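Protein sequences appear in the order of chains A and B. This note's numbering runs 434 ahead of the 1-based position in the first sequence. This note's numbering runs 161 ahead of the 1-based position in the second sequence.
Derived from the structure by calculation, the hints contain no laboratory data. If you're wondering where the values come from, they're calculated on a predicted model, not measured in any experiment. Be careful, since some hints might not be right.
Stated by the list, open to error - Once the Cα atoms are required to be at most 30 Å apart in a straight line, the calculated DSSO-like pairs of lysine-lysine come out as:
id, chain 1, residue 1, chain 2, residue 2
1, B, K425, A, K595
2, A, K474, A, K449
3, A, K595, B, K213
4, B, K207, B, K395
5, A, K510, A, K742
6, B, K227, A, K606
7, B, K589, A, K742
As the list claims (entries may be wrong) - Now the stretches of chain B that chain A is said to cover, found in silico as 3 or more residues with beta-carbon under 8 Å:
id, stretch
8, 175-186
9, 273-280
10, 393-401
11, 469-476
12, 510-524
A virtual CB, placed ideally from N, CA and C, is assigned to each residue, including glycine.
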Amino acid sequence: MLEIRPILSALTRHKSSTFLMILQIAITFAVVINSISIIKQRLDLMNRDTGLAESEMIAFNISPFGENYDLEHNFKADIELLRNTPGVIDALVTNMVPISGSGSSSTVSATEDDANNDEDRGAGFFRGDSHILNTFGLKLASGRNFKPNEIVYSQTFVEPKVVMITQSLADKLYPKNDALGNQIYFWGTSATIVGIIEKLAGPWPSTTQFMDNLIQPIISLSNFNRIIVRIEKSLVSEMLVSVEKTLLARNANRVISNVRSLDEIKRRSYSDDYAMTKILWSVVILLISITLLGIIGIVSFNVNQRIKQIGTRRALGARKIDIQRYFITENILITSMGLVVGTLIAIVFSLYLAQTFSIPQIDWYYYPLGTLVMLLVGISAVWVPAQRASNVSPAVATQSI
Amino acid sequence: MFTYYLKLSCLSIKRTPMITMLMIVAIGMGIGVSMTVLTVNYLMGKDPIPSKSSELFHVQLFTYGKGSRNSRVDDEFPYQVTYQDAMNLHQSNIPTRKTRSLATGFSIIPSIADQPPFLESARAIDSDFFTMFKIPFIYGEVWDKSVDVSSRNVAVIGKELNDKLFGGENSVGREMNMEGKLFTVVGVIDDWQPTPRFYDLNNGSFNSSELLFIPFSLLPALELPSWGNNNGWKTEIINTYQEKLGSEDLWNQYWVELNNTAQKEEYLDWVNGYISEQKKLERFTNDKAGVSLKNVTQWLNYNTVVSSDNSILVGLAFMFLVVCMINTLGLLLSKFLNRAPEIGVRRALGASRRTIFFQHLVDVGMIGLAGGLVGLGLSQIGLMGVKSLYSDYNQLVQMDMTMMIGSIAIAITSSVLAGMYPAWVICKTNPSVYLKIQ
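Same shape as in the complex, but just chain A (with noise of 0.2 Å):
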């Protein structure tokens, strides 16, 4: 029998202790749901598809100082000592590491117009030769990669002919789908789009550019270079520590620095993030210890304070179990209140969020889940108090204090 109208009008002679409750359950309630959804945004940022073979590539510079440094053959002997590595699948000359936040990025656009107009976009300008599809792991989408004749190496400015492009960039400035063999232009001029990958991450993440970029058959001669290598998963802690000594084995006129896999790189560069999911996970974790123990200490108080009542009741007859079903009852009775104002004020703190921080509200599933999360704490809370009250002697009812 669900004795409700006794547990309301019990629960108004102890009204503070009941409205504290319920603040109690709301704002955590508010509280949890909303931190949990930020840090599920969070960790979808961070596991979006780059399109790259992440934990098979490394990434340092090569510095090279001293006159007499023969930048392309240097280049040209460095790459192939590393594609004779055993393991290593590629390596790349390039200007930009994807993911590492450092990169150079132009506007481009499909037509010849010359202002600035909306369907100019930006896009990240990386440099490479055909083994750049090999050595990020890409896949082609459509069209060809470059053809040995038309890569450049070059000290001054080049302009391509041809050019790869990522079918994101694709499909923001070609909406009739006509890419591919099309012209693309930026600074000035214009290049043939030879083929299109699928996906490809730039160097940074929080830009609505990020999977736009665009690919120019260069070598550039320059000291400001990436070297990218893949090589085999469970080789990659081995080379990370075996690059630079090998490669100044062959020359030592350069400084090799910032060996990192890209693994580490997108750590760094989501580390704003990753922290922030870490210390939501924490204020969750606490928030809702804090409330389990604040709610087992209210009702052991409650039950205190109610110890002639219960005893009373069971010395007229009511069983153990119906002493623990009323406290649960009036227990799931509260949190469902609280719940109630709760759901409120989380939709509030998500509109809140929404506009000030441009953080996109709670999908709705989060409510109802939460409400059962909310409902397992209150009734784990008040579990073994319910337990001592049921354990409270009849003959209570009789003694004077």
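Chain B: place on chain A using the hints.
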């Protein structure tokens, strides 16, 4: 009376250890979390150079042609200036001090045989840089002003670099091999890490400061590359360093020191005059052409140094504290009401309501103090955690005295606030109710 209250509080704590412990833990956690978040927020937003932050100005010029703009900021000004503009701005004698600035770097080849060459970030600036930003020297001094015009291969190095290359000795007069060129050390500065690194926010707000400073005038001679950002809005062929120096590329920074409003107005007039001249030369063709001076505080806000994540965390921390306080309130209510019979006796013996009220507040204050101390300890652990999560913020995460005293103050204040209602409830109960045999 106060000592009597304290005695009573201690006795009551001994009698209800569990509930008191729960309260201390709750307050401790609340303070721990809030203070960790608040400390990081406070340190991130702190003025890095309070004695001069309103007198140091970053200069921005709207050099774009028609149709270009910096879409990342409301006023659309570019973050940096061109080389020509930096050189031309430097002609004005109105600012008390002024400096051009470029983030660059070198491979350093140590003279000790065992040490391999290494890369070192450097900054090309003018001699005023050190006085402007109040950088302390431990050996030597900055190069002479004449070097800012006719360059020489001299350098000022930081303490850490001095330790690495010269074992920490007075290295003034010694030479360094930077990519095959010999530089003479003229001064060594002490550890200097402004937080945030306000003078150049282009590549991160909390990066370490450089340990190597050379004259900006060396740019053409050494063809120093930028290790920072380069923005080119104009389609230009840039194949040689000379072409880059003459281009519209935005890759330098410019800071001035203006000590009063009159000087600032005078300077603005001068710069606007310069802009009009440049317009006649077909530069600054955009309608928005102009100058913007931002002092350190304005510059930090403009670059949103304190991230929105941080603000969200502050809000969450506050809510966490509120929940902890509600928790405490509930527990206090139970604890006080449990002792109602004893209070009844005391009231019957003549204790006034006010006495009871204050005694309970002392109770609460003690618990608040204990909770605050626990919270302070927890926040140190929290800050260590933050340090490990954000590799950038290493220099940030130390609590200073203000924050520590603040933690205890917040703990005691919020506990007392939470405790007011229970204390009031208990002091207004009718003593006779509890004196009756139940």
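Unmet hints by their number, sorted upward, for this structure: Numbers 1, 2, 3, 4, 5, 12 - these are the hints that the structure violates, sorted from lowest upward.
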